Every structure is written in structure tokens, then in C-alpha cells.
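Asker: Line by line, the protein sequences give chains A and B.
Numbering-wise, this note's numbering puts 271 at position 271 of the first sequence, and it's gapless, one number per residue.
Numbering-wise, this note's numbering puts 261 at position 261 of the second sequence, and it's gapless, one number per residue.
It should be emphasised that the hints constitute simulated quantities derived from the structure, not laboratory data.
There could be a bad hint or two in this list.
Far from chain A, some chain B residues (derived; all Cβ distances over 10 Å) [what the hints assert, rightly or not]:
| no. | residue |
| --- | --- |
| 1 | PRO176 |
| 2 | GLY193 |
| 3 | ALA214 |
| 4 | ASP238 |
| 5 | GLY241 |
| 6 | LEU249 |
Listed next, the in silico DSBU-like pairs over lysine-lysine satisfying Cα-Cα at most 35 Å (straight line) [stated by the list, open to error]:
| no. | chain 1 | residue 1 | chain 2 | residue 2 |
| --- | --- | --- | --- | --- |
| 7 | A | LYS446 | A | LYS3 |
| 8 | A | LYS453 | A | LYS245 |
| 9 | B | LYS8 | B | LYS57 |
| 10 | A | LYS598 | A | LYS568 |
| 11 | B | LYS167 | B | LYS46 |
| 12 | A | LYS105 | B | LYS38 |
| 13 | B | LYS8 | A | LYS66 |
| 14 | B | LYS17 | B | LYS61 |
| 15 | A | LYS587 | A | LYS564 |
| 16 | A | LYS587 | A | LYS12 |
| 17 | A | LYS12 | A | LYS88 |
| 18 | A | LYS88 | A | LYS160 |
| 19 | A | LYS66 | B | LYS17 |
| 20 | B | LYS8 | A | LYS453 |
| 21 | A | LYS88 | A | LYS66 |
| 22 | B | LYS38 | A | LYS275 |
| 23 | B | LYS17 | B | LYS57 |
| 24 | A | LYS446 | B | LYS46 |
Label pairs and their computed distance ranges (CB to CB) [as the list claims (entries may be wrong)]:
| no. | chain 1 | residue 1 | chain 2 | residue 2 | range |
| --- | --- | --- | --- | --- | --- |
| 25 | B | MET1 | A | MET709 | 17 to 25 Å |
| 26 | B | ALA82 | A | MET709 | 28 to 36 Å |
| 27 | A | LYS145 | B | GLY96 | 24 to 32 Å |
| 28 | A | TYR717 | B | ALA82 | 18 to 26 Å |
| 29 | A | ASP217 | B | MET1 | 49 to 57 Å |
| 30 | B | MET1 | A | LYS12 | 36 to 44 Å |
| 31 | A | THR656 | B | LYS46 | 28 to 36 Å |
| 32 | B | ALA231 | A | THR408 | 21 to 29 Å |
| 33 | B | LYS61 | A | LYS446 | 32 to 40 Å |
| 34 | B | ASP226 | A | THR656 | 47 to 55 Å |
Given the structure is predicted, the values throughout are model-derived calculations rather than measurements.
For every residue, glycine included, the Cβ atom is placed at its ideal position computed from N, Cα and C.
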Amino acid sequence: MPKDGGIGASSKRREDIRFLTGAGNYTDDINLRGQAYVFFLRSDIAHGTINNIDTSAAEGMPGVVKVFTAADFAGVGGMPCGWQVTDKHGEVMQEPGHPILATGKVRHVGEPIAAVVAETLAQARDAAEAIDVDITELPAVIDMKDALKADAPKVHDDLKNNLCYDWGFVEENKAAVEEAFQNAAHVTTLELRNNRLVANPMEPRVAVGDFARGTGDHTLYTTSQNPHVIRLLMGAFVLGIPEHKLRVVAPDVGGGFGTKIFHYQEEAFVTFAAKACNRPVKWTSSRTEAFMSDAHGRDHVTTIQLALDADNNFTALRTDTHANMGAYLSTFAPSVPTWLHGTLMAGNYKTPLIYVNVKAVFTNTVPVDAYRGAGRPEATFQLERVIDKAAIELGVDAIELRRQNFITEFPYATPVAVEYDTGDYVATMDKLTEIADLAGFEARRKESEARGKLRGLGVNCYIEACGIAPSNLVGQLGARAGLYESATVRVNATGGLVVMTGSHSHGQGHETAFPQVIAEMIGIDESMIEIVHGDTANTPMGMGTYGSRSIAVGGSAMVRATEKIIAKAKKIASHLLEASESDIELKDGAFSVAGTDKSVAWGDVTLAAYVPHNYPLEDIEPGLEETAFYDPSNFTYPSGAYACEVEVDRDTGQVTIERFSAADDFGNIINPMIVSGQVHGGIAQGIGQALLENCAYDENGQLLSASYMDYAMPRAYDMPFFSVDHSCQTPCTHNPLGVKGCGEAGAIGSPPAVVGAVVDALRSAGKDVTHVNMPLSPSRVWAAMQ
Amino acid sequence: MYNFDFVKPATVDEAVKALADDEAQALGGGQTLIPTLKQRLASPSKLVSLTGIAEMKGVSKQGDAVVIGGGTTHRTVAEEAASAYPGLADLASRIGDPAVRNRGTIGGSLANNDPSACYPAAALGSGATIVTNSREIAADDYFQGMFTTALEEGEIITEVRFPIPQKSAYAKIAQPASRFPLVAVFVAQYGDGVRVAVTGASNNGVFRWSEAEAALSGNFAADALDGLTVASDDMIGDLHGTAAYRSHLVGVMAKRAVAAAS
Ligand SMILES: Cc1cc2nc3c(=O)[nH]c(=O)nc-3n(C[C@H](O)[C@H](O)[C@H](O)COP(=O)(O)OP(=O)(O)OC[C@H]3O[C@@H](n4cnc5c(N)ncnc54)[C@H](O)[C@@H]3O)c2cc1C
């Protein structure tokens, strides 16, 4: 019987009422009295020296309040980078300056050069067109390998070269890995590209800056996944505003997918300009701007090698990756190809020796940073693809090859520094075999062939690290932040609760799922609990939502705070019931004395806390409000097995997804419906990456896929019905809910299955194909068949 | 967008007069022009909306032709031409999405002559006549390369006459992002021969594939096209497909259109 409330119930998403009826309150819905608008003049060339910016004509245009250039930001800090990677020689990464407005040079198409604040957006845009920018174009570096050549133009003249860092992991293993390769019975080598993506959340970025002259208080309304992080970074490193004078509000946010984690120039600009102009300043990104100013995702070029012994056991793994940073370091960019990627290279397998080399490279392109999965999809993709290729080369069944090499004992310490607490890869593979009806595949293939279509099956596993992250660990790894989470639980006099969380919901359903946990703990109805998030003025310092961390870290903080509430409420109840505190039990929203019929309702206790007439004032304070910060002791390790079946049109190369099945282990589950929705969305994005999405530049650094005319977004009709299952559950051992997180799994697990299925289809027609680079557009698939 | 004046005349004559002004431009369904204006890639002083002109709307059968008003939306064509000219109605029903089909017009599409648009294939493949406020233009003379037509400044497409074929069909493969044709072929069989028009493929816009027409006029069957190829020299090569792929698709789509023709 499905539950109708609490943990494990598929409670309907309460936030959907406002989202689906147009009653949401997004940043662009915020309009302040006296608000002016900013338009950014952005570079249309990829690389050039700015000789002069003449704003005189623009300044005299109708409605113009003020025109800004880099000169206005002298003395203001640049955009900070939140993670410092140390390279394999022990040197810290090269970290270029990142100005709010281009200073001296432009380094990518879309970089803001000047900004016009005016009464209306149209006036600001008119005036921006009147700015005369004199730029000498320089040769651009776009291809990463070209960028590392000795004679390559430098993106940053003050750096040694275009190499941000050359990271080796685990450096101490390197020699042993080399040796294992020399002794291998078989070595499989695969070169592949993880395509560059643009996240394209439905809501583009928006920022509104406000300054209260009377108090000196700044407010920034912004489309962010982590308002406290923005407050800290922007306040401390960019504008020099103490946190108590800066409020950051991220109201309803229409999707983030990572791209709204980062601190962007436009946020700092509107905050700064609101004071400089003494009026609120608003920026709303157009979709065109989003393509050239939102941080992009992925863009890795990798050579991966897998060594096997004569019995097909994996003996070693070696990878060599070039990771594109773009022209500047976005907030968390350095961490993605390193600690979020190298540490996952063991995957689900007991490969004893692993060495990962990553060269992060500056190019004249938009900065690249975390995108749903961040590093883990890159790790999973190359690992699962090389296993498929090894199976082809060895003539063995790819699923059996995986099973043979599965990690089966937990906890398991990988050779890449992490320890998996729990998992059961055999169980998820068995479950997948069942729900995907793998046994029926050959019959389905025959049926497709009878219709003239090629059919292929791709199956793979994935592991990811969620619940980011133990602060002391990430501190050692170069993070310039802690990664705990917080919650304040405020119980009102009449028994309702408000939870103020540092997590941020931008589509994940926190407002529904979080109350389910507390309702279960106290035994009250979910409707008595409200979640408040997204405003630094009324939530405790938190690190926000990304890396599938909300329920694992934010949920744990909420549990800890609620435990404190319950402990105090029991004290109050024991007083009201004149019983010993240790005899008080809380069940179904009532406190009772064990072994008696004496009880007092939740609401009576909460009322007593605020109307303390009959109250142990000598022992405890009135009121019922507690805060907890939770810092995890490890990552969580969701895992699973995915299967994709495709049909390929021999004549056109068109691929259609016929079936997609996902068996995931997310540990305990709070709301199965929301979890399924997260998996569906993740798979859709993974299929988008595998079949459709491709952010491409020409050799001069012009963005070729700069709109939906050329950037192919997945649509509903590109998707099959998904068969998803999360009944395999090995609860996390180190957080109070036993949860692992589910937000990114779909995007991590699905691309290799899609590519594997297409390769399998082509091979069924006798084509000697082992890999096709994403996206598998009709054109590429057709070319692979020639 | 830049500022512009807006007028919505009720007759073709009034529209022609309004378009005589310097920098005035006709506005059909706005599905191409409005995005262009929003990107500030065009700056007409005045937009002359054609959507209020009743005489430019509707689908009728006149003798052995289907006559479509220049201001008729794709959706109306999809619905109202279905019995008289199913191949044409099917083409219209697959342009863009419902919002585009409810606004976009045949006159706008033909005036724009996007190298990847659908209607040019039907017009050229049917040997249609483009009727304007001042003259009639044969489709063979009308299309003059991508985004280029025989229309004069201020000339309005008031109707399009499509001779009804015995059989016809439109086969297209969508460009993955825009879902415009990557390559599409319209095939129509008439008493005096077969016409084959190709869109999406060539740098010169829509074109007739004469070798295929000759082969199909002799034998209207997909395998009549076996061994025929179009040279890839003038084919579009871009992110979504190489020139070689597009020239290959011309053959595939032509065969599919023939096989589907009814
Ligand atoms: C999302 C999307 C998807 C689309 N997909 C497709 C597709 O798959 N296939 C396809 O073929 N098209 C597609 N289109 C284009 C669509 O069909 C347009 O409607 C069409 O190209 C232009 O018609 P319109 O009436 O909107 O013209 P407008 O945009 O109003 O005008 C276009 C041009 O034609 C001129 N013009 C308009 N009407 C006349 C007239 N009667 N006489 C002379 N000049 C005139 C205008 O001055 C302008 O220069 C798509 C458009 C969008 C936005």
C-alpha cells in the first residue's frame, strides 16, 4: 500500500500549483520603484585588444542614466574563483583576472564591454549601439590542443601560456599503472569527446540590484541556486560589502542545472550600479545573451585506456583529458574536471590501479563550468564506453564483462581516494535486466529489422558522488568554501512549522519533500509545515543546491534541527504531564507517558512554549526554534544500471529511442514520484546530450549554435516512455535519512547507453564501428555507416 | 526592436499604397519578420499588416487548380486543401509547430524564400503561379536563389494557384534544432510529366531535380531513381550535415516521396 503522507509517500508537488497557474514569483517579476534597465554591449569578436571606448554619443542619448566601462570599476575586485587546483608538480593553477567589464582585451564572443543604464531597455539598447568601440582583432584560440602549442596566441598575456593546470591523480600510482599496462593481456584505447553544452534553463538569468540610501543596505535579486554563496563571493571579493549590509534573494527560479550556481558579472554590475545610479537597476538576459554569457558545460577531449588480464579482469585504467575552461575561470570550473571527475574513475569496478591526467586549457570561448552531473558524467561516459569497446575487441558479452568486475564488498576504498559506503551493483543490474526485458531484445531486433530498421541495445552502469561534501576534505582539495548545509526549524504557537533552509529549490520539489520528513518525525500532517528558502535575510547561511546535495545534506540539517525541537518539546511535555522526560514518547503528533494513557497533543506543547504560564522556565527557555548545521562525513554514492534501445534509419542515419530503462539505487527515498521525475528529467538531458545538443564554435571563435535554430534542444516527442525503478535501496550509512540523492543520476547514466545502443545497431549491420562522438546527429550516424 | 509605425489596411489596394512609403514593409504572420525585428536585424519605418485583408485569405478549388489567398495561414491550408490537394495540405500541416502554423502565411513563406522553407518546394514542384497585386509569375521564374525572388519592392503576393496533380507527396527530414527541413523533396505527377522540387539542400535555394523528373516521368516508381545522384558541389554544408550527406538525402527523400505519393 503506498503511503499517503510522510517519508515514502508520493505527495503531489505543492509548488506546482503556483508554477502551473502562472502564480510564481520569478526574479523578472520583481519590479522596484524607480527601476532603470541595463543593456550590456557584448563583444562580437572572440579575441582583441581594446584601443578605445568612446561613450560620449551614448551618454547624450534619450533616457540614458549612466554609461559604464571598465574604468568605472577601478578598485573593484574581479570575479572570484571558488576552487584552487594544485597541479601534478605541486604548483597552483594559473588564475587569470576576471573583470566585470572587459579590461584591455576581449576574450570571448559575448564578453561585456560596456553597459548602459537607461529609463527603458530599448533606450539602453539604442545608446549601446551608439558606443564606439575600437578593437584590434587578434587571432583566437578555440581548439584546446592548438591552444597548448608553443606559438599559440595567449588568451591572457600575463599568464605563462594557456594551460590552467596539468593535474595528475593519483600521482603516486602513476608508475604502478604504467607497469600494469606493460603486463596487460589486453589494452583497449578509446578517444572521445564529451560535447560542449549550453544548459538552457527555461528561465534565463535575471538580476535586479537595489540600494537603500537611507540605511546603506544593498539587495540583489537574482536567479541563483545558492544566494548565500553569491552574497559571500560578491560581498567579500568583488564589491567589498559586508554580509550584514547585503541581502541576496533568489525567489522562484526556473531551472538551474548548474549554470545558476556561479557568480556572474551581471549580478555584481547591477548591485554596484544601483548605488552608483541611486536607483534600482534590472538586467534580464535574452536567450541570445544566455547562449554567450551563461557558463557552458562539459567540453572534454579524452583518451582512455583500459588494461585487462587474461581472464578479463580490469587491471588498470589510464586517462588523458583536455578540459576546456573557456576564457576565464567560472566560479567552480577548476573542480569539475579534477575532483568531481577523477575521483569517480573507478566507477562500479574493482580496477586496482588508476591514473587520471587532466590538462585544463584556456580558449577564447565562454567559460565552462558545472552542468548537471559536473565531472561525473564525463567520468562515467568514458569508462562505460571503453568497457563496451573492450567487450567488442575481446568478443565477450559487455554486461558479463561488467558483472565480472563489479565491486561487491562495501565499504570499498577506490584507488582514486574515495570510499563507497554502500551499493549493490549486482542488484541494480538484475533489476535492469528485468525491467528492460533484456531477454526480449533479440525478438525486438528481428521485428525492427523486418521493418527495415536497425536496432541496437546499450547497457551501462554509473556511480556518482552526491551530497557534496565534507568541508574539511574539500578544503584540502582546494575548495575556498565549506559545503555544509543549514536549517532553522521554527515552530509556531499553534503547532505549525516553518523550516528555513539554506538549500534552494529551483524545480526539485523541496517544498513538498522536506515537509514529508518532518511530518514523519513528528507525526503531523505535511500541510502544517512550510519551507522558506532563497533569501539570505531569513534563512541561515547555507551553501545552496547542486551536486544532488539537498536532501542528503540540507535534509540532514533539517533532521538535526527537528531532533533538537523534539528533544525540547519532550521536556515541555514531561512538565505538562508531570512525568519523567525519559518516559515521554512522541507518536502520531502526541506526547504520551510510556505505559499510561496520559498524553498531550503536539499543539498543546507548542502553545505552552509560547504561552509559558505552566512551563519549566527555570530549566528551559520559552519558544520552540532550533537551528542545525550539518557537515557530511563522506559523499553519498548513488549508482545504477541503464539500458537504451534505439532504432536507426539506414538511409538517413536518424536515431529514435524506442525504450529506455533505469534501475537506480538512491538509498532511502522520501517521495518516489519526485524521484522518478528527477530521473526522467535527467535522462531527457542525457538523451539531449547524446543525440542533439552541441555547442559549436568556428575557428574564429564565433558561436555557430547561438540560438535554438542551431542548438538542438530535446523535445517531448524525442523521448520514449521511460521505465524507471528505484526499489534497489542500499541506504547511505552516514546521514540520518539514509538518502543518497537523485538529481543528476539520469544525466550521468544515460549518454553511454544511448551511444552504446547506436554503435550496437550499426554493428548489427556489419559496420565496424566502436564509437561515434556525441551528439549522434543523423549526419554523423550516416557518416559512420559509410 | 526599433520603433516603427503600424497600419492594418482592409484591402490590397490600401496595402499597396501604404507600402509605397520608403522603408515600409509587409507583415504577414510575422513568424520570420518579428524575430528579425526583435534582433534588430531590420528597421522598417512602417509595418503594413496583411492580416486584415479578407480578399487575401482562403482556399478554393477553381477548375483543376487549388487557389490559396496569399494571407492564408498554414493551418488553414492544412485543413482546407486536404481533399483537393492532399500532398500540399500535408506539407502545410508539418511546417513548424501549431503556433507557427496558426500565424504563418503562404505569402510570407514564399516572399521570404528561406532555402530551407517548405512551401517553395510545393510551389516549384507544382508549377504554381504566384499572383501579386500587379502580375502573375510562374514558379519557375519566381525563385531566384536563397532569400531572393522575382518580387519587386512593395509587391504583395495576393494568391497562389496550384495545378492539382494526379499524385503527390512531400518527404522531409528535419534539421535537429530548427526542425525546418534539413532536406525535403516535393514530388508531383501530372498528365504531362513529373515535377521534383528540392528544398533545404542547395546554396541556391529550392531547385528542380531534372534527372529525377525525367526518370519518374517514364516510370513513376521509387526504384526509377536508383543510381541517380545530385552533385554535392552546391549543397549546403553546416553543423547539421555535410554537403555529401545532403546530396545523399536528396535521393532518399525523393524516393520516399514517390513511394508515399497518392
Ligand atoms: C519556430 C518556427 C518554426 C518554423 N518552421 C518552419 C518549417 O518547418 N518550415 C517552413 O517552411 N517554415 C517554417 N517556419 C517559418 C514560417 O513558416 C513562417 O511563417 C514563414 O516563413 C513566413 O510567413 P509569415 O506569414 O510569418 O511572414 P512574415 O514573417 O510576416 O514575413 C516574412 C517576409 O515576407 C514578407 N511578406 C509577408 N507576407 C507577404 C505577402 N503576402 N506578399 C509579399 N511579401 C510578404 C514580409 O515583408 C517579410 O519580408 C518556422 C517559423 C518558426 C518561428
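Asker: Would you mind marking each hint as holding or not holding in the structure?
Answerer: Taking the hints in turn, this is what the structure says about them:
1. PRO176: The claim breaks: PRO176 of chain B does not keep its Cβ more than 10 Å from every Cβ of chain A (closest is about 4 Å).
2. GLY193: Since the minimum Cβ distance to chain A is about 26 Å, GLY193 of chain B lies beyond 10 Å and the statement holds.
3. ALA214: Given that every Cβ of chain A is farther than 10 Å from that of ALA214 of chain B, nearest at about 23 Å, it holds.
4. ASP238: violated, 8 Å
5. GLY241: violated, 4 Å
6. LEU249: violated, 7 Å
7. A:LYS446 / A:LYS3: violated, 42 Å
8. A:LYS453 / A:LYS245: Outside the cut-off at roughly 64 Å; violated.
9. B:LYS8 / B:LYS57: Distance ~15 Å between LYS8 of chain B and LYS57 of chain B Cα, so the pair holds.
10. A:LYS598 / A:LYS568: Status holds; Cα separation ~19 Å.
11. B:LYS167 / B:LYS46: violated, 43 Å
12. A:LYS105 / B:LYS38: Distance of about 29 Å is within 35 Å: holds.
13. B:LYS8 / A:LYS66: Violated - the C-alpha atoms of LYS66 of chain A and LYS8 of chain B are around 38 Å apart, more than 35 Å.
14. B:LYS17 / B:LYS61: This hinted pair holds, its Cα atoms lying about 30 Å apart.
15. A:LYS587 / A:LYS564: holds, 16 Å
16. A:LYS587 / A:LYS12: Between LYS587 of chain A and LYS12 of chain A the Cα gap is close to 24 Å, so the pair holds against 35 Å.
17. A:LYS12 / A:LYS88: Distance of about 49 Å is beyond 35 Å: violated.
18. A:LYS88 / A:LYS160: holds, 17 Å
19. A:LYS66 / B:LYS17: Cα-Cα ~43 Å, so violated.
20. B:LYS8 / A:LYS453: At roughly 52 Å apart (the allowed maximum being 35 Å), LYS453 of chain A and LYS8 of chain B break the hint.
21. A:LYS88 / A:LYS66: Violated, at roughly 47 Å.
22. B:LYS38 / A:LYS275: Given pair LYS38 of chain B, LYS275 of chain A holds - Cα atoms ~31 Å apart, limit 35 Å.
23. B:LYS17 / B:LYS57: holds, 19 Å
24. A:LYS446 / B:LYS46: Violated - the C-alpha atoms of LYS46 of chain B and LYS446 of chain A are around 61 Å apart, more than 35 Å.
25. B:MET1 / A:MET709: 17 to 25 Å: holds, 19 Å
26. B:ALA82 / A:MET709: 28 to 36 Å: holds, 29 Å
27. A:LYS145 / B:GLY96: 24 to 32 Å: The hinted range 24 to 32 Å is violated for LYS145 of chain A and GLY96 of chain B, with Cβ atoms some 40 Å apart.
28. A:TYR717 / B:ALA82: 18 to 26 Å: holds, 22 Å
29. A:ASP217 / B:MET1: 49 to 57 Å: violated, 36 Å
30. B:MET1 / A:LYS12: 36 to 44 Å: 41 Å Cβ-Cβ, so the 36 to 44 Å window holds.
31. A:THR656 / B:LYS46: 28 to 36 Å: violated, 47 Å
32. B:ALA231 / A:THR408: 21 to 29 Å: Cβ of ALA231 of chain B to Cβ of THR408 of chain A: about 59 Å, so the range 21 to 29 Å is violated.
33. B:LYS61 / A:LYS446: 32 to 40 Å: violated, 47 Å
34. B:ASP226 / A:THR656: 47 to 55 Å: Given a distance of about 26 Å, which is not inside 47 to 55 Å, the answer is violated.
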